[in-house]
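Asks: Sequence:
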Amino acid sequence: MHFSRGNRLSPSIRYLKVSGIFESSISEWEDPLVICSLEIIQSLNKWESNQTQSILLYQKKNRFLNEEIELNNFLPIEFQAFSSKEDFPQFYQWIKLFDNNTYLLGAILIIVASFNSVIVIFIRIIEKKSSISILRAIGMNKPNLYTSFMSLFSPSILTGLGLGNLLAFIFLFSQSQFGWIPLDSKTYYIDKVPISWPWIDFLAANLLIFLALTFTTLITSTILSKIHPSRVLQSQ
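First residue of the sequence shown: 1, per the numbering used here; consecutive thereafter.
Keep in mind that the hints are not guaranteed to be accurate.
[What the hints assert, rightly or not] Below, computed lysine to aspartate or glutamate pairings styled on EDC-like, alpha-carbon distance capped at 16 Å: (1) Lys-96 / Glu-86; (2) Lys-192 / Glu-23; (3) Lys-186 / Glu-23; (4) Lys-186 / Glu-86; (5) Lys-85 / Asp-191.
If you are wondering where the hints come from, they were derived from the structure by calculation, not from laboratory data.
Could you put together the complete structure from these sequences and hints?
Replies: Laid out in structure tokens, this is it:
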């Protein structure tokens, strides 16, 4: 569009009624965006009824990659289909950073839980060292001893997982309903900690923790089974 000095510009004005104001906490997205009738935009730009600048599609699942390739194959050269990940890459990088922090936190929790389980096993075995020594003295082999250790500590592991899941579900449900843990929307793009319910991830985390604690119990039992029973009985 070109103008010269002295030219008068008469802007096209449309008066609209504001029905509501939305807030997504993402200024890059919401600042230039107004939700209004398509016919108003077409009349301002003198477009035909079948003309528009872009079409935005929302999907619940991330299945756009193949559809994007198919659309770009038959669209004219002046048109292009692209995903939100290509349009706003900084948001996805931010989310990926949170995912990495989640994996790191999960690894730390597993290490701490394994360390605590080792301490509990040592305490329980010290309490029952006389019984273990007597069983070893009368001929119990190591596989049976390992089985006894597992039957002794497995209920404790399962009880701990059950109580932990119960408290976690209560905490997550209260946060999803009341949102009592706030966040700075300028930094995190949301005003409270979001809660989702990925049940497969819950089951996988419980299975991983159970296997880690079981493996820790087995390793600790293997080390303690090398204690000679005669020395323990003599000390009694």
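Asks: Are any of the numbered hints broken by this structure? If so, which, sorted upward?
Replies: 4 and 5
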